[in-house]
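> Single-letter residue listing:
4 protein chains.
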Amino acid sequence: MISGLCRVRVRYSDTDGMAVAHHSRHVNWMEVGRVELMRSAGMSYAQLEREGVSLPLVALTLRYRSAARFDDLVEIETTLDSYTRVRVAFTYTLTRVEDQVVLATGRTEHAAVDRELHPVRLPDQLRDLFGADQAYPYSGDPC
Amino acid sequence: MISGLCRVRVRYSDTDGMAVAHHSRHVNWMEVGRVELMRSAGMSYAQLEREGVSLPLVALTLRYRSAARFDDLVEIETTLDSYTRVRVAFTYTLTRVEDQVVLATGRTEHAAVDRELHPVRLPDQLRDLFGADQAYPYSGDPC
Amino acid sequence: MISGLCRVRVRYSDTDGMAVAHHSRHVNWMEVGRVELMRSAGMSYAQLEREGVSLPLVALTLRYRSAARFDDLVEIETTLDSYTRVRVAFTYTLTRVEDQVVLATGRTEHAAVDRELHPVRLPDQLRDLFGADQAYPYSGDPC
Amino acid sequence: MISGLCRVRVRYSDTDGMAVAHHSRHVNWMEVGRVELMRSAGMSYAQLEREGVSLPLVALTLRYRSAARFDDLVEIETTLDSYTRVRVAFTYTLTRVEDQVVLATGRTEHAAVDRELHPVRLPDQLRDLFGADQAYPYSGDPC
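Residue numbers (the working numbering), protein chains in the order written: chain Z, 1 to 143; chain H, 1001 to 1143; chain L, 2001 to 2143; chain Y, 3001 to 3143.
It is worth saying that the hints were derived from the structure and are not from the lab.
The beta carbon of each residue, even a glycine, is placed where N, CA and C say it ideally should be.
Some hints could be false.
Stated by the list, open to error - Calculated from the model, a selection of chain Y residues having no Cβ within reach of chain L, i.e. all distances over 10 angstroms: (1) 3102; (2) 3121; (3) 3128.
Claimed, not checked - Across the chosen pairs, the derived CB separations fall in these ranges: (4) L:2061 - Y:3100: 22 to 32 angstroms; (5) Y:3065 - Z:81: 38 to 48 angstroms; (6) Y:3065 - H:1065: 35 to 45 angstroms; (7) L:2086 - Y:3081: 30 to 40 angstroms; (8) H:1084 - Y:3133: 53 to 63 angstroms; (9) Y:3118 - Z:133: 57 to 67 angstroms; (10) L:2125 - H:1065: 27 to 37 angstroms; (11) Y:3087 - Z:119: 48 to 58 angstroms; (12) H:1099 - Z:51: 26 to 36 angstroms; (13) H:1099 - L:2127: 27 to 37 angstroms; (14) H:1063 - Z:125: 20 to 30 angstroms; (15) Z:121 - L:2056: 31 to 41 angstroms; (16) Y:3099 - Z:131: 33 to 43 angstroms; (17) L:2132 - H:1140: 23 to 33 angstroms.
Could you build all of it, start to finish, from the sequences and the hints given here?
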């Protein structure tokens, strides 16, 4: 299986009235993580969409462990969990870089669809990339 | 158990590059639903926070069934699922008003905390309200 | 000129670490206001987009007067400011319903474009609707 | 005057139904830019808030020049525009890294306030940092 790392900073616009990152932001960070994993693996999500395939969510689970605060650096580890001809699932661990506290863990499940949102098969090239056994390091690029 | 209804419209800012509501918006709509349920039940979430108690998420699950599109009216049905002295869980069904298609179902689990995010007991008054058996109708007010 | 009213509630996800609505939300509320104005005038923005015309922003100005807080009801008054064959501008006043305090005023300027983001003329039908002299009341529907 | 650079990537959650970055995201990116400039200058915004001072927006202007698309790398140049004892203004230029196309330019004006949102003076230390004449390079860190 493949896995990858990227890092985001908690923005002020991510915080809520409790002065912590709002729980919906973790959903966006997991998206950032899988987009970066696909880029690392060799097929960016932008390229996949240009080929007419999108991967909307079918299911989402998140467990919140500790609050993220403004300006925290958050590392997102994304791991390919499983895939079939038409579906793919990822798991995520969000960790605060400073003290290595786990902020949240999650899982998303996706169906491959075309531009009209009809089910399609995952491109063979993508499934080949998914079949590798590789842990991609943090590129240092914004994500 | 108590349950309640409210309605939101899919805003343009909710849509993403697939021209459907981004999957993170359902998380915000579920929040809108439980805030409205608490208001209907007699203790608004704003009032709860003024008393020093917040209900951050511990866990979140979502199953996406059908895409919501710009301008769709979405009805959010929120149902109290269970509660203890220190935790509470809600379930949600999001339905497009026009054709009654279920867009998503979800569940959130919350811990009661004080302003320093330390665990506290749910106020007795809130647990009393939770103990009622009542289905609150849609108020017609913005939510 | 035409003008219209709609109402939104400040959601918890709209608040930031200062426990007030984040300044980017006013941008979304102005969008809600003009979408509602176009619906009231007789051509919804969804319909306009189905006909292949979008109205992306060219310019935005906002003056913040007073902070909006969680659960506040906000009334958005949107007024058509001016239009030409290819552009249109709106002004906005955001007011807290409870005490009629003005929260912010703003203005947006838009260019008509087709699906490839190339400039096009505003549909004649829309310009006819813009040419009316009408103040639309708050419909009571979610917006 | 001081100025600084940082870079963000257009996330999928930033896009809207036109498949471009929604116009409200530029507001968040400008916030990212000034937070990063303050960090570069020697007083992070998080530190400022810990000292009890916040800088909410009084005014915002944005001119949109070109659409940002999913996965674009965007460079944010933030420049201190002016400051008094109680106010500060910044200007921004958002540029796509790949082809150096200017996406938008903007300006924000801020008032210094305490935790109760009452006006206060800018800390002397901050005004000293603002008084420098320095162009800070892109740190390479997430922002």
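> Confirm or reject the statement that residue 3128 (chain Y) sits farther than 10 angstroms, beta carbon to beta carbon, from all of chain L.
Since the minimum Cβ distance to chain L is about 25 angstroms, residue 3128 (chain Y) lies beyond 10 angstroms and the statement holds.
> Please test the hint of 48 to 58 angstroms on the beta carbon pair from residue 3087 (chain Y) and residue 119 (chain Z).
55 angstroms, holds
> Measuring from beta carbon to beta carbon, are residue 2132 (chain L) and residue 1140 (chain H) in 23 to 33 angstroms?
With Cβ atoms ~28 angstroms apart, the hint holds.
> Is it true that residue 1099 (chain H) and residue 2127 (chain L) lie within 27 to 37 angstroms of each other by Cβ?
Holds - the Cβ-Cβ distance for residue 1099 (chain H) and residue 2127 (chain L), about 33 angstroms, lies within 27 to 37 angstroms.
> Looking only at beta-carbon atoms, does the pair residue 2061 (chain L), residue 3100 (chain Y) fall within the given range of 22 to 32 angstroms?
Taking Cβ atoms as reference, residue 2061 (chain L) and residue 3100 (chain Y) lie about 26 angstroms apart, which means the hint holds.
> Quick check: does the Cβ-Cβ distance between residue 1084 (chain H) and residue 3133 (chain Y) fall within 53 to 63 angstroms?
With a Cβ separation near 60 angstroms, residue 1084 (chain H) and residue 3133 (chain Y) satisfy 53 to 63 angstroms, so the hint holds.
> Quick check: does the Cβ-Cβ distance between residue 1099 (chain H) and residue 51 (chain Z) fall within 26 to 36 angstroms?
31 angstroms, holds
> Given the hint of 33 to 43 angstroms, is the C-beta distance from residue 3099 (chain Y) to residue 131 (chain Z) inside that range or not?
Given range 33 to 43 angstroms: holds, Cβ gap about 35 angstroms.
> Could you say whether the range 57 to 67 angstroms given as a hint is met by the Cβ separation of residue 3118 (chain Y) and residue 133 (chain Z)?
Given range 57 to 67 angstroms: holds, Cβ gap about 59 angstroms.
> Does residue 3121 (chain Y) clear chain L by more than 10 angstroms, comparing its Cβ with all Cβ atoms of that chain?
Holds, since 18 angstroms exceeds 10 angstroms.
> Hint says 20 to 30 angstroms; check whether the CB-CB distance for residue 1063 (chain H) and residue 125 (chain Z) agrees.
Since the Cβ atoms of residue 1063 (chain H) and residue 125 (chain Z) sit about 29 angstroms apart, the hinted range of 20 to 30 angstroms holds.
> Measuring from beta carbon to beta carbon, are residue 2086 (chain L) and residue 3081 (chain Y) in 30 to 40 angstroms?
32 angstroms, holds
In this structure, none of the earlier numbered hints is contradicted; all agree with it.
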